[in-house]
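Letter by letter, the chains look like this.
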Amino acid sequence: MNAIEAKTPKPVMGLYDKPMWESINAGAMRLQRCRACSKWQYPPGPACPQCLSCDLEWTPVSGRARILSWVVFHRQYLPAYPAPYNSIAVRLEEGPTMITNLEGAMPDAGSIGKDVRLVYVTMPDGVVLPRFSLAE
Amino acid sequence: MNHVQPDYARKHASPRNKRAAAVVGVGHSDWVGDWARCRNGERPNDSYGYAIDAFRNALKDADISRDEVDGLIAGPTTAYERLGELTGINPRWGGQADAVLAVSQAVMAIEAGYAEVIALVYGNDQRSVGTQYGGPEAMGGGAFLSYVYHSPWGLTSQGALYALTLQSFKHARGFTEAEMGEVAVAQRGWSSMNPNAIMRKRITVEDYMASNYVCEPLHLYDYCLINDGGVALIIAEAGRAKRMTEKPVFIESVGRFDLNRGATSLEPRIDDFYLPAQQAAAAQSYELSGLGPKDMDILQVYDSFSVHVPLALEGYGYCGVGEAGKFLREQGVGPGGKLPVNTGGGHLSETYMQGWAHQIECVRQLRGECGERQVADARHVHYTSDVAGKCFSIIYGK
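In order, the protein sequence lines correspond to chains A and B.
Going by my numbering, 19 is the number at position 19 of the first sequence; the sequence numbering is gapless.
Going by my numbering, 1343 is the number at position 343 of the second sequence; the sequence numbering is gapless.
By construction, these hints were calculated from the structure, which means they are not laboratory data.
This structure is a prediction, so every number in the text was calculated from the model and none was measured.
Be aware that a few hints might be false.
[As the list claims (entries may be wrong)] Far from chain B, some chain A residues (derived; all Cβ distances over 10 Å):
1. P9
2. K10
3. P11
4. L15
5. Y16
6. E22
7. R35
8. A47
9. P49
10. D55
11. P60
12. R64
13. S69
14. E94
15. G126
16. S133
[What the hints assert, rightly or not] Where chain B lies over chain A, by a calculated footprint (3+ residues, C-beta under 8 Å):
17. 77 to 84
18. 98 to 111
[Unchecked claim] Straight line, CA to CA, 20 Å or less: simulated DMTMM-like cross-link-like pairs of lysine to aspartate or glutamate:
19. A:K114 with B:D1297
20. B:K1060 with B:D1070
21. B:K1326 with B:E1177
22. B:K1338 with B:D1271
23. B:K1201 with B:D1030
24. A:K10 with B:E1216
25. B:K1242 with B:D1067
26. A:K39 with B:E1267
27. A:K39 with A:D55
28. A:K114 with B:D1271
29. B:K1242 with B:E1137
30. B:K1338 with B:E1179
31. A:K7 with B:E1137
32. A:K114 with A:E103
33. A:K39 with B:E1179
34. B:K1338 with B:D1297
35. A:K114 with B:E1267
36. B:K1018 with B:E1081
37. B:K1294 with B:E1330
38. B:K1338 with B:D1377
39. A:K18 with A:E57
Heads up, the beta-carbon is just placed ideally off N, CA and C, and yes, glycines get one too.
Start from the sequences, fold in the hints, and give me the full structure.
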């Protein structure tokens, strides 16, 4: 199977994930923010884990984040991801942690703590993923 | 928010399970022989077959008949009813649980009077059927959203979750790659003296450093085996246990605390290294038993990946926060080290029985049955588990 045909692994698509992926496809990721206590959440859910309110508002994120951790896969597990490839954990400026990929460079010993910015990458099969690249 | 936090749990150590129950029998399947047969393309048994091998051996070890068993807990990979059917047990109390929860539930059921003699039975044919622990359909994804949620970004395997944990831990603590290597090296030291262990060739830190990464920063040697097998324990009410055997091994106490907040995005691992939950679980079990890290002759750690060990050393109080690397280097956890850890070889080198084999290693060390790898005069053995931030502390004693 070549990279063109390789299917990006499908996201978990529960009732509350769909609006997020629609916003990602539109190039402006939104996450749920609680109207009652202002807490942001990821992944999406039915209620605010902080105050249990269901009054959540889909709100655009700033795109600013910081790297918390990173890995490099040295084996291929998925057709869409030939080795080596990376995954990183970032903390969004809004608070939630997100697992994603570092675009444009491989992470290294100095990566943790670096500022990154949200970019939207179209995979060979057309799936749009929110990824991050190093901020200037 | 924050109604129930580790501090709260530490201050309210109220479980009443002190020495309520004891292990009176242990058994396992032929891990080494079945490994060779699986490598040869055979399927020696299914999960139930391995479970029954182990159960038969545990009954023999306890020197009791099946009719004395009035409780049954099935491991996570075999359906409770079918396992009960195949073992021929109609119990007055039953359940299904993973290793550490099975021991906890047995103690709870006995303490509450629901059963007196409980069989805990586990079998897993994960190697011969090719169970997938990674990928979008990864085993456990139904129970742990984090196992599958990040698959669009290529992060699906259990190894990757712990690789993220280790990378963050290295950065936060100044923990080094060579220090991580000490764990795999130590456990091979133990397994080299264990005839039941699958991987017995000793390795050095140099071998570790030279080995390939799988998911960097984890090397191949940081990963558990995947093999077929079964484990069983018979746990009895304390008084009855004393009448049943000369060498009961008591469960001194059980403590637990879970971190669920932020779990799908892995915050309990990469921010906290499970530390608050480990500390709370430890405090409960220490307070209840009157014992502490200094009283433990052996530590057994759930080690699906080697990184569990430094997290446990810090979390359960064997060294200060930030000192695990120094502890591994200078005190040592292998044969001849200050603190023997995973004396059978653990998941990395003995057998991957998802925490079940660690329980019987605790029992055998306390009975003094471990031959070349026996820790002299072992009186207390501590088992810890922190899978996905569900932290347990179980203390076994004579």
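These are the hints, each one checked on the structure:
1. Once the 10 Å rule is applied to beta carbons, A:P9 is inconsistent with being away from chain B; the minimum gap is 4 Å.
2. For A:K10, the non-interface assignment is contradicted: its Cβ lies about 7 Å from the closest Cβ of chain B, within the 10 Å cut-off.
3. The Cβ of A:P11 does not lie farther than 10 Å from every Cβ of chain B; its closest approach is about 5 Å, which violates its non-interface assignment.
4. Listed as a non-interface residue, A:L15 keeps its Cβ farther than 10 Å from every Cβ of chain B; the least gap is roughly 14 Å.
5. Listed as outside the interface, A:Y16 is consistent with that label: its C-beta sits roughly 12 Å from the nearest C-beta of chain B, beyond the 10 Å cut-off.
6. The beta carbon of A:E22 is kept farther than 10 Å from every beta carbon of chain B, the shortest such distance being approximately 15 Å.
7. Interface exclusion of A:R35 from chain B stands, the closest Cβ pair being 17 Å apart, more than 10 Å.
8. At roughly 13 Å from the closest C-beta of chain B, the C-beta of A:A47 stays outside 10 Å, upholding its exclusion from the interface.
9. Some Cβ of chain B comes within 10 Å of the Cβ of A:P49; the nearest lies about 7 Å off, and the non-interface call is violated.
10. Every CB of chain B lies more than 10 Å from the CB of A:D55, the least distance being 17 Å, so the non-interface label holds.
11. Separation of A:P60 from chain B is adequate, the least Cβ-Cβ distance of about 19 Å exceeding the 10 Å criterion.
12. Against the 10 Å criterion, A:R64 stays outside the reach of chain B, whose nearest CB is about 17 Å from its own CB.
13. Not every C-beta of chain B lies more than 10 Å from that of A:S69, the closest at about 4 Å, which undercuts listing it as non-interface.
14. Look at A:E94: its CB is around 13 Å from the nearest CB on chain B, clear of 10 Å, so calling it non-interface holds up.
15. Residue-level check passed: A:G126 sits 13 Å from the nearest beta carbon of chain B, beyond 10 Å.
16. With a closest Cβ-Cβ approach of about 14 Å to chain B, A:S133 is found to remain outside the 10 Å limit, as its non-interface label requires.
17. Here's how the stretch 77 to 84 of chain A fares: 4 of its residues keep a CB closer than 8 Å to some CB of chain B, so the rule of at least three is met and the hint holds.
18. Under the rule that three or more residues need a Cβ within less than 8 Å of chain B, the assignment of the stretch 98 to 111 of chain A holds, with 4 such residues.
19. Taking the CA atoms of A:K114 and B:D1297, the gap is near 43 Å; set against the 20 Å cutoff, the hint is violated.
20. Distance hint between B:K1060 and B:D1070 is fulfilled; the C-alpha atoms sit about 17 Å from each other, no more than 20 Å.
21. Of the pairs offered as hints, the one joining B:K1326 and B:E1177 holds, with about 12 Å between alpha carbons and a cut-off of 20 Å not exceeded.
22. For a cut-off of 20 Å, the pair hint linking B:K1338 to B:D1271 is broken: about 29 Å separates their Cα positions.
23. Between B:K1201 and B:D1030 the CA atoms are separated by roughly 19 Å; this keeps the pair inside 20 Å, and the hint holds.
24. Only pairs whose Cα atoms come within 20 Å are accepted, and A:K10 paired with B:E1216 is rejected, the gap being roughly 24 Å.
25. Pair hint B:K1242 plus B:D1067 holds up; C-alpha atoms about 18 Å apart against a cutoff of 20 Å.
26. Proposed proximity of A:K39 and B:E1267 is supported: the alpha carbons are some 16 Å apart, at most 20 Å.
27. Our distance criterion of 20 Å between C-alpha atoms is met by A:K39 and A:D55, whose separation comes to about 11 Å.
28. Taking the CA atoms of A:K114 and B:D1271, the gap is about 16 Å. The hint holds against a cut of 20 Å.
29. Between B:K1242 and B:E1137, the direct Cα distance comes to roughly 46 Å. Violation of the 20 Å bound is thereby established for this hinted pair.
30. Taking the CA atoms of B:K1338 and B:E1179, the gap is about 16 Å. The hint holds against a cut of 20 Å.
31. For the suggested pair A:K7 and B:E1137, the alpha carbons sit about 15 Å apart, so the restraint of at most 20 Å is met.
32. Restraint check for A:K114 and A:E103: the C-alpha separation of about 13 Å stays at or below 20 Å, so the hint holds.
33. Under the criterion of a C-alpha separation no larger than 20 Å, the hint pairing A:K39 with B:E1179 is inconsistent with the structure, at around 39 Å.
34. For the proposed pair B:K1338 and B:D1297, the alpha carbon gap of about 9 Å is at most 20 Å, so the pair holds.
35. Under the criterion of a C-alpha separation no larger than 20 Å, the hint pairing A:K114 with B:E1267 is consistent with the structure, at around 18 Å.
36. For the hint linking B:K1018 to B:E1081, the alpha-carbon distance of about 30 Å lies beyond 20 Å, and the restraint is violated.
37. For the suggested pair B:K1294 and B:E1330, the alpha carbons sit about 17 Å apart, so the restraint of at most 20 Å is met.
38. Between B:K1338 and B:D1377 the alpha-carbon distance is near 14 Å, which keeps this suggested pair within the 20 Å criterion.
39. Restraint check for A:K18 and A:E57: the C-alpha separation of about 14 Å stays at or below 20 Å, so the hint holds.
Against the hints set out earlier in the document, violations occur for numbers 1, 2, 3, 9, 13, 19, 22, 24, 29, 33, 36.
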